[in-house]
Structures are given as structure tokens and as C-alpha cells.
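Q: As given, the protein sequences belong to chains G and S, one line each in that order.
Using this note's numbering, the letters of the first sequence map in sequence onto residues 1 to 378.
Using this note's numbering, the letters of the second sequence map in sequence onto residues 1 to 378.
Because the hints were derived from the structure by calculation, they are not lab data.
It is possible that part of the hints are untrue.
Since copy identity is lost for identical chains, a pair holds within one copy or between any two.
Once the Cα atoms are required to be at most 35 Å apart in a straight line, the calculated DSBU-like pairs of lysine-lysine come out as [what the hints assert, rightly or not]: (1) LYS270 - LYS68; (2) LYS270 - LYS201; (3) LYS126 - LYS79; (4) LYS79 - LYS201; (5) LYS326 - LYS270; (6) LYS126 - LYS68.
Protein chains: 2
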Amino acid sequence: MSASTSCLDTPVALVDVPRMQRNIQRMQQRMDDLGVRLRPHVKTSKCLPVIQAQRDAGAIGVTVSTLKEAQHCFDHGIKDVFYAVAIAPGKLQPALTLRRQGCELSVLTDSVAGARAIVEFGQLHKERFEVWIEIDCDGHRSGLVVEDDALIEVASVLINGGMQLRGVMTHAGSSYELDAPEALQALAEQERVLCVSAAEKIRAAGFVCPQVSIGSTPTALSALNLEGVTEVRAGVYVFFDLVMHNIGVCRPDELALCVLTTVIGHQQEKGWIIVDAGWMAMSRDRGTQRQRRDFGYGQVCTEAGEWIDGARVTGANQEHGIITLKTQTDSNLDERFPIGSRLRILPNHACATGAQFPDYHAVDADGEVHLWSRLHGW
Amino acid sequence: MSASTSCLDTPVALVDVPRMQRNIQRMQQRMDDLGVRLRPHVKTSKCLPVIQAQRDAGAIGVTVSTLKEAQHCFDHGIKDVFYAVAIAPGKLQPALTLRRQGCELSVLTDSVAGARAIVEFGQLHKERFEVWIEIDCDGHRSGLVVEDDALIEVASVLINGGMQLRGVMTHAGSSYELDAPEALQALAEQERVLCVSAAEKIRAAGFVCPQVSIGSTPTALSALNLEGVTEVRAGVYVFFDLVMHNIGVCRPDELALCVLTTVIGHQQEKGWIIVDAGWMAMSRDRGTQRQRRDFGYGQVCTEAGEWIDGARVTGANQEHGIITLKTQTDSNLDERFPIGSRLRILPNHACATGAQFPDYHAVDADGEVHLWSRLHGW
Chain G
1 MSASTSCLDT PVALVDVPRM QRNIQRMQQR MDDLGVRLRP HVKTSKCLPV IQAQRDAGAI
61 GVTVSTLKEA QHCFDHGIKD VFYAVAIAPG KLQPALTLRR QGCELSVLTD SVAGARAIVE
121 FGQLHKERFE VWIEIDCDGH RSGLVVEDDA LIEVASVLIN GGMQLRGVMT HAGSSYELDA
181 PEALQALAEQ ERVLCVSAAE KIRAAGFVCP QVSIGSTPTA LSALNLEGVT EVRAGVYVFF
241 DLVMHNIGVC RPDELALCVL TTVIGHQQEK GWIIVDAGWM AMSRDRGTQR QRRDFGYGQV
301 CTEAGEWIDG ARVTGANQEH GIITLKTQTD SNLDERFPIG SRLRILPNHA CATGAQFPDY
361 HAVDADGEVH LWSRLHGW
Chain S
1 MSASTSCLDT PVALVDVPRM QRNIQRMQQR MDDLGVRLRP HVKTSKCLPV IQAQRDAGAI
61 GVTVSTLKEA QHCFDHGIKD VFYAVAIAPG KLQPALTLRR QGCELSVLTD SVAGARAIVE
121 FGQLHKERFE VWIEIDCDGH RSGLVVEDDA LIEVASVLIN GGMQLRGVMT HAGSSYELDA
181 PEALQALAEQ ERVLCVSAAE KIRAAGFVCP QVSIGSTPTA LSALNLEGVT EVRAGVYVFF
241 DLVMHNIGVC RPDELALCVL TTVIGHQQEK GWIIVDAGWM AMSRDRGTQR QRRDFGYGQV
301 CTEAGEWIDG ARVTGANQEH GIITLKTQTD SNLDERFPIG SRLRILPNHA CATGAQFPDY
361 HAVDADGEVH LWSRLHGW
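Full structure from sequences and hints, please.
A: Here it is in C-alpha cells:
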């Protein structure tokens, strides 16, 4: 523990920069080996130094979940920005503004109505929007299934309406429900096959469909073959978290985000240690609840970062976290975890926990702390 | 629906100002009738115009959950600030700074070790901190039970160490688990009796213990008698939410906070409506999960605010909410809820949902929208 972090008021979100850099290298190397481009999803970090590290390692462009992220990236020199949420008609005006500023913003739709709204707005403003069509590869959320006749209709509406079809995209979000390598490989292959099929179906109908974009961190780290795919989107790999750990795609020493907290009390008879990281710090995300190992609101580590076996945040109020140990021992909690002592908590979900903080405190290899601001809101 | 809100990009957090004002009046009137002061907990709103409305209605001082809230309130003329989380020794320096600026900040402890840390720091800096002792009235979280010998020891350490004992406080947080008026009344009485007993025990030991501070929104709205109590703290009553609705302390037309969202897609076969309010907007709070009525991630209303019976946000990804209806009908979802149309979502937990937004869009009685910024972080 460096002198620098010991001066920080708690709770703070710490990023272990060497771990983050290794995570970035790992994913980039994998994508390089598989012969596809990596377009990181910046919704996890919403933080420029993180995005720059991803780009320095070889990523092309970015994926964003909000137009605020798009604007922020563009303001810092990133042109190739994919807004990967089906665009609401009301967001076409800010999207246009970004494009008129020189941002190569591409947008998404998964419906004829959505495509028509883009075409109508684009024609009105003489803008040739670059558009992706969303494919549903696993019933997880949005998108058109390959068999749906609307797929060709959407492509037709867009292209005949003067828009540019950038390609097809999908996200195998159901990968978060798996935890066996074989199942993950199978889902990754399903994600690839269905998205490539969608592109081929569009091409067979006579339309140009250059790109095939797939991705989720678990499938990206499990795919054995990405033939036909042109790019992969993934986000949470940059920090990883307990959900990813349970899925089996990262080791404990790859978890790059934690919350530093201070012990503020005890309930000795119940075996509770009270800390100043409640749900406002950890978020209410309980992503490990339905996984093979439920970490409560987070895995507790020493201040230096060593896992305390079985110590979890089992309860959370707004600014109070309740930590319980593996077994309720006779030991005096106030001797083992005195008031004022510090602990680290690994989060279930890095995207959700990060979002609770205005900035990360990034700890580099020398233990020096850098303040990295992150976006909040829309 | 005013023209003003129809221009807003989504998602946004809307505050219904007339409802909020009625909620504030209701609680203030109740406390006036019961003869106690009201010290609102500003952790719910973290927003100055809301706090000012509470003060204009008669509240004295504020309760805060972070020193950032304390600083913000003090910067805007509020002196009597109670930081109602047991203070970590590392936060005594910023607390001192606030007091030296003229803020009458009072702090909290529930342990001998915590009291000693305050005394040691106070003596070192020649500061007579105003301190409350936390009482555990329902086993919910922190605090000393009345029978604990440490209660007198903490009072003794503080007073003999030259600090000022402001009084005792408790929070009946287990009221969130109830939903019957009789049970709530009983818990409110338990909260009162135990906290008053603690004060009397301290007084019987020869120490001055002027104040008795209790509170939670459900018990504050259920108490029939507050004899011996000097002040009540409550927070979420200002907006209310679905958790409070399930507990039975508010009506639907008292819910003053909602998220305005836009339909961005459908999965007709599954009966899903996809909107642009995911967990980043609603928060991951699932507070109604264990209550008598589970609202998922929120109750769906029309754009004008009318409840759509049985329509809930049943799934949430970062920027995608999945709405399902009461019954999966044959009706075309894209006709009933076209892409681009808007809905309102009532949150489970106003404190958690509000925290996802940098500001509230406050809609006054004339439908005019005011931007009210709120605090984020620590």
C-alpha cells in the first residue's frame, strides 16, 4: 500500500493500472490472433485515460452506450464512434450535430419503424447516416432474428432511403448466465454464426453489408474462431469483476477495480464489521446472486488487496456496508478490524460500481495515485 | 404533459414539485402536531432547492450522510448539520475544517474506540466536538443497545474528554420490512422508548444528554406519541417511492419522482417493450423484491403519469429497460407503444434512482421545467 492511497478519504474507487494494462493487452492480443479488430465498449470505464490505454494497445474506434460518451470521445480526438443502443428518434438531432462536427458516429436500429425514422430525419437534413442493424443471437434483449423477414426490409429501407448500411451487430448477453468453458465456446460460435448469417442474408438480397460486429467479454474471451467477423466489442474486460470471475473468464489477480473503505463500527455479537462503503459506493448490483458463488455486495480484501476468505459485504445501506466473515468466530472484531482500519472490496459489476463515483483513483506501478474523472449522466 | 418536458432528451429524472411540496407539508404538519422538530435527511435528494423547500416549511437543520453534503449545505447557509454516520477517524480533519468555518456540525459514534478517537483528535486541536451516540433500537445496523455497559462508557469518555454530548439518536431501519399499520406503530413506539431510555440511562449516570433524535420515514408517519423525543429525522418522504408504497405510508399520487423514458424497440413475441431507461437510470435497487408486490425495476406509467396496470420494468441492462405488461396480449406492441413514444417509470427507491442522475428536472404546477443539480460522490 503506497503512502498515496493511505491519504485518501474513503470510499474511493481504486483502479490497479498494471492489472488494467494487462487486461487490455490480453484482449487485444486475443483479437489480433483471431484476426479481428477490437472496438472497446467504453460504458464500463466512461473514462478517457482508460480509453486511451485501449487505443494505445491497438483498439480501433469505440463503442458507446450514450451520446454523452460519444461527444466526450469525439472531443478528445476519437472519430469512429458506434452508439450501440437502438437510437430513439429524439436522439437523431444530437447524433446529427455530432456528425456535422466531424464525428463518424454510427447508429443502430432493429426495426422497420426505427429505420424509417432514421431515413426520414436523414433525408430532411440531407445526412447519410451510417447505420448498423441489430441481430438477436440468443434471445437476450433486442435485435432481429436472422429468420425475421424484417431483416431484409430494414436493410432495404435504410439503403433505398439513402443511408449507409455499416453492417450487422449482435451482443451475446446471455453469456453472463454461463460458467463452463464449453458452453461459452458454443455461445461464442452461435453469436458468430448467426451474425455472419444475417450479413450473408442481406448480401444475398443484393445489399452491401460490409461489417459484422459481435461481442461480450465472456464470448470474446472464449471464441475459437471468428471467421466472417470484422470486429469485436467488449467492455468489462478492462477491469473485470466478480461476475466475470464466476463466469470463469478471469483470475482474482486480474480484478483491477476495487473500493477502498474504512471500518466505522462493529456489532460483535452478530459478527458484523460496519464500513463506510454502502450501496452508494458499491451500487445495488447483486450480479453474483444467481451465480455459483454469491459474493453479496462484494468480496472483502485486506488494505493491501489480499482476499479474506469468505468475507463478504452481506448487507448494504446507503453509506453503511455490513461485512460478515466466513464463520462467526469468538475473536474480537475490534482487534482484528479496528475502527479506522481499511479494507478493499471487489465489486460484483465494475460498470455499476464505477458509475457510483465521479472519478477513479488510479494507482500506477509505483503506487502513485492519479485522479481520473469519469462521465456521469446522459 | 407540458411542452417543456416533451423537449427533454431521455432518460431524465422528473420531480413533481406540487407533490413534493405536499409531501413536505404532510411530514412537517405531523411533526408539528406531535410537538417535535423535523431534521430532514438530505441523502435522498442531495439537492438544494429540495432542502430549501423543507426548511421553508419549518424544518430545523439537516441530517447528512456524507461530509460533502454537509459542506454543500453549509455553503448555502445551513449551520445545524448532523452527520449521521459513525465518523471514521480519517474524517475528523474535514469535520474540524467545517466547524472552523462556522458550521455547527455534529458527529456520531457508537463505540468506545470511536469516542476515544474523537476525544483524542478534539483535544489535539482544541475543538469541542458536538457528538451524538447511536442507539440500536431494532438490530438493523449500527448502534449500542440500551443494556450495553458501553453506553455509559462512551458518554463518559466523550464528556470527561471535553466533548459536548449532543444526545442520543436511533434509526428504526427495520421499518422497511413491515407493511401493517399496527406493526409500524409498534416499531415507532419501540424506537421512541428505547432511545428515550438510553437518554435517561445516561442522565441517571450524571451526564447531560439534551437531545433524543429518532426517525425513519415509515415510523415517523406511524408514531402516535413522541414523548421524550426532541427531533425526528426522515428522508425519503420528500419523494416517496414504490418501497414506501408497499409499506403503506403513501398513496400512488404522492410519488413525486419518476424517470421519463423513450420506447426504442419491441420483441413482439415475448411481449417486451424496450426503453432507454436501464439500470443506469433506474439503479439496480430491487427493494420491492421481498415486499408484498414486486415492481421489478419500476412501475410503468403513461407519459402523463397514469399507472399502466401490471406494466413493470422486468429486466434491465445498462441502457436498456425491458417492460412487460400484465398479460402478454395479441395486441401489436408497436402500435400501442410506438418507437419514440414516452413513458414514465416510478422507482423502487428514490434515493438510489435519484443518485443515478446529475440533476433533477423539476416540473412545477404550471408544467415549467427547472434544472435542479444534485451532488454526486463524496
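Q: Does each hint hold? Answer for all of them.
A: Comparing the hints with the structure gives:
1. With identical chains, the CA atoms of LYS270 and LYS68 are at most 35 Å apart between copies only, with a shortest distance of 31 Å across copies and 45 Å within one.
2. Taking identical chains as interchangeable, the C-alpha atoms of LYS270 and LYS201 lie at most 35 Å apart only when they sit on different chains, with a minimum of 24 Å there against 61 Å within one chain.
3. Taking the shortest alpha-carbon separations for LYS126 and LYS79, only the intra-copy value of 20 Å comes in at or below 35 Å, while the best inter-copy value is 57 Å.
4. Taking identical chains as interchangeable, the C-alpha atoms of LYS79 and LYS201 lie at most 35 Å apart only when both belong to the same chain, with a minimum of 29 Å there against 68 Å between chains.
5. For a Cα distance limit of 35 Å, the shortest separation of LYS326 from LYS270 inside one copy, 13 Å, qualifies, whereas the shortest one across copies, 42 Å, does not.
6. Taking identical chains as interchangeable, the C-alpha atoms of LYS126 and LYS68 lie at most 35 Å apart only when both belong to the same chain, with a minimum of 24 Å there against 48 Å between chains.
When held up to the earlier numbered hints, the structure conflicts with none and fits them all.
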